[in-house]
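Letter by letter, the chains look like this.
Protein chains: 2
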Amino acid sequence: MGDRIKDIGEFGLIGRIQHLLSREGCVDPAVTLSLGDDSASFQPREGCEILVTCDSMVEGRHYLPGKMNPMEIGRRAMTMNISDIGAMGGVPRYALISLGLNEDTPVSDIEELYRGFLDVLRDFEASIVGGNLTKVDGAEFIDITLIGETERGKVIRRDSAREGDAIVVTGYPGHSAAGLELLLSKEHSDESIADHPLVQAYKRPTHRAREGKAIADSGLASAMIDTSDGFAGDLGHICEGSGLGAILYVDQLPLSDALRKISGKLRKDPYDFVLGSSDDYELIITCAPDHIRKIQDLIESLSNVLVTEVGRIGGDSHRICLCYPDGSEKDAIVSGWDHFVEGKRDAEQRNG
Amino acid sequence: MGDRIKDIGEFGLIGRIQHLLSREGCVDPAVTLSLGDDSASFQPREGCEILVTCDSMVEGRHYLPGKMNPMEIGRRAMTMNISDIGAMGGVPRYALISLGLNEDTPVSDIEELYRGFLDVLRDFEASIVGGNLTKVDGAEFIDITLIGETERGKVIRRDSAREGDAIVVTGYPGHSAAGLELLLSKEHSDESIADHPLVQAYKRPTHRAREGKAIADSGLASAMIDTSDGFAGDLGHICEGSGLGAILYVDQLPLSDALRKISGKLRKDPYDFVLGSSDDYELIITCAPDHIRKIQDLIESLSNVLVTEVGRIGGDSHRICLCYPDGSEKDAIVSGWDHFVEGKRDAEQRNG
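From first to last, the protein sequence lines are chains A and B. Here the numbering used here is used: the first residue of the first sequence is -13, the next is one more, and so on. Here the numbering used here is used: the first residue of the second sequence is -13, the next is one more, and so on.
Derived by calculation from the structure, the hints in this document are not laboratory data. Worth double-checking, as some hints may not be accurate.
It does not matter which identical chain is used: a pair holds within one copy or between any two.
In silico lysine-lysine, DSSO-like type, Cα no more than 30 Å apart, as pairs [said to hold, decoys possible]: (1) K254 <-> K53; (2) K(-8) <-> K316; (3) K53 <-> K247; (4) K140 <-> K(-8); (5) K280 <-> K53; (6) K(-8) <-> K254; (7) K53 <-> K(-8); (8) K(-8) <-> K280; (9) K280 <-> K247; (10) K(-8) <-> K251; (11) K247 <-> K(-8); (12) K251 <-> K140; (13) K316 <-> K140; (14) K280 <-> K254; (15) K53 <-> K140; (16) K280 <-> K251; (17) K53 <-> K316.
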């Protein structure tokens, strides 16, 4: 039985983390001071713009310790922050990790959590430069601040979509939500479920930060956001920020065979997964219609992620209209994670 | 009865915070994107070094809701982060606020908390540029990431003290700890206690960020740290980082009449307060002995804070030796806040 946090104390735990980072982390020459002083410090590159984001995950609310191991939890927590930097067109560089921990937590779990952070930071040679540890008696929490850089003026905002722009989305929004539901469904909770591609989409989410940066560098997009609040929720943020509406062609929405099949088993409409709350960290991009092909080519040159044109910016302001092949129309219910309202919250007030 | 968080939801609360910040916060032209996108962004100044620190406060552990109002809690949380930036010689610029909140918390409490943040940020024209809100069922938490700037190469570290350096301290370390004990003591828990200067030192702590920056600019100090882990604990960090020891002259330690009097009432040795864990956010500065007077003059030119020479860097490595006027000596027990060990933790292993 290994050490628990209370056996080695805060300073002992800091020592263990520093040791792990020095062996397994990245060393960035621009970092002038890392863990172990009042603040970390680094030299920003000439002509850069600094991006900074933070996101929290609370045990039992954003992750399920029984369903994910500490390395998976670490990966997911860092991925959601990397996605935020990537959705602005930036490259992640420096992370600060603030943890609220129970004294009985095994030290090896914390080391695995950090290995999860490093596993996704390593692709960018990004480093963990600081943080904070504190004791909590109830639910543990992970709060990450991630600092990134872009070339000055290359940031892509969410509030700059233009009337008539095409709406493009990467990957398969909804996979993560369906995977979570599968993981939680009693009916299907057997060993084999863990390897299901949709469950993997939940447990090991990907980000599109490389793609986001390439799009930013290209200057082809008018607006961009990641789908951390769900496809319709985040398209809603673009519409709200830009003071416009959107039209989605339902038959063009990316829907995998896997999602179609699992939706049937779960007795759900697959489009509820595609449009609803889901932690997929895909990108929604708006662009002039004649840039669609260029964006698809650009992303294909980097990865094999699907890039789908799904609609147009236009119609009534703040309204997302779903167009069906038979010509019928319906308003999308924009739902996103609202942590203070039970379950998912209909945010019709934002739509009209 | 005003709104509670669950009445307006996460997005409603974000809206209220944005409204408050736009009216009462500072606008920095270097900020290119603030709250309301995936990340915030800003343009670093030419030739600057970026400092970044984070600190958490957990309800019931770092603050007592019944004993402090939300504005005081906000002030204290931001002050401890400003102190970390100041102890490096930096100027605070941008804050990100991550909150874990109960759904029943009144919205007005959160607004007051933000007013507390702004109250201390305003002195530096620093702004709140981002954050995160999440629901917790148990203890609420406040996690602040604060970003600062210094001129390149002006950062003062904790690990660069030199043999023979003088040790100088600002203000009266221990006031905050004594104030907290007074506040919690049943014997003295009456209305008038709230106005006691030591209780005020706990409830409205000051930072020495302006003084820290002036010292950094002057190049007079060899090492610097704030006393967030208590005087002996943080002097211990300097010794540990620098691979040296320290000698403290007990009769030179700053001890106010107020602390002496309250220690008597509390039946405590006043030097236990001065040396032990206390959230004072004073500065410990090491410097060549012939710089002491210059540092005192420099700080006096900015504020009326006391600056006291209290000892020398030297003696056995990693040992803090207390010298009494009668010539006797004693090792200081270096105690600092260790959140995972009950109460305060003797960290003798760090001292020998």
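Within a copy, between copies, both or neither: where do K(-8) and K280 come within 30 Å Cα-Cα? neither (55 Å within a copy, 45 Å between copies)
Given identical chains, is K280 near K251, meaning Cα to Cα at most 30 Å, within a copy, between copies, both, or neither? Neither: 38 Å inside a chain and 77 Å across chains, both beyond 30 Å.
At 30 Å max between alpha carbons, let me know whether K(-8) reaches K254 within a copy, between copies, both or neither. between (45 Å within a copy, 28 Å between copies)
Quick one: K53 to K247, C-alpha cut-off 30 Å, is that within a copy, between copies, both, or neither? Within one copy, since 22 Å is at most 30 Å while 56 Å is not.
One pair to classify: K53 and K316, alpha carbons no more than 30 Å apart. Within, between, both, or neither? For K53 and K316, the Cα distance exceeds 30 Å both inside one copy (36 Å) and across copies (53 Å).
Copy assignment of K254 with K53, given that the CA separation must stay at most 30 Å: For K254 and K53, the Cα distance is within 30 Å only inside one copy (22 Å; across copies 50 Å).
Intra- versus inter-copy proximity for K316 and K(-8) (alpha-carbon distance at most 30 Å): between (56 Å within a copy, 29 Å between copies)
K53 and K140: within-copy, between-copy, both or neither at 30 Å Cα: neither (39 Å within a copy, 47 Å between copies)
Homo-oligomer pair classification [K140, K316; C-alpha up to 30 Å]: neither (36 Å within a copy, 60 Å between copies)
Which holds for K140 with K(-8) at a C-alpha limit of 30 Å: within a copy, between copies, both or neither? neither (46 Å within a copy, 38 Å between copies)
Intra- versus inter-copy proximity for K(-8) and K53 (alpha-carbon distance at most 30 Å): Result: close both inside a copy and across copies, 25 Å intra and 28 Å inter.
If the cutoff is 30 Å on CA atoms, where do K251 and K140 land: within, between, both or neither? Let me know, please. neither (44 Å within a copy, 63 Å between copies)
Of the numbered hints given earlier, the model fails hints 4, 5, 8, 9, 10, 11, 12, 13, 14, 15, 16, 17; all others are met.
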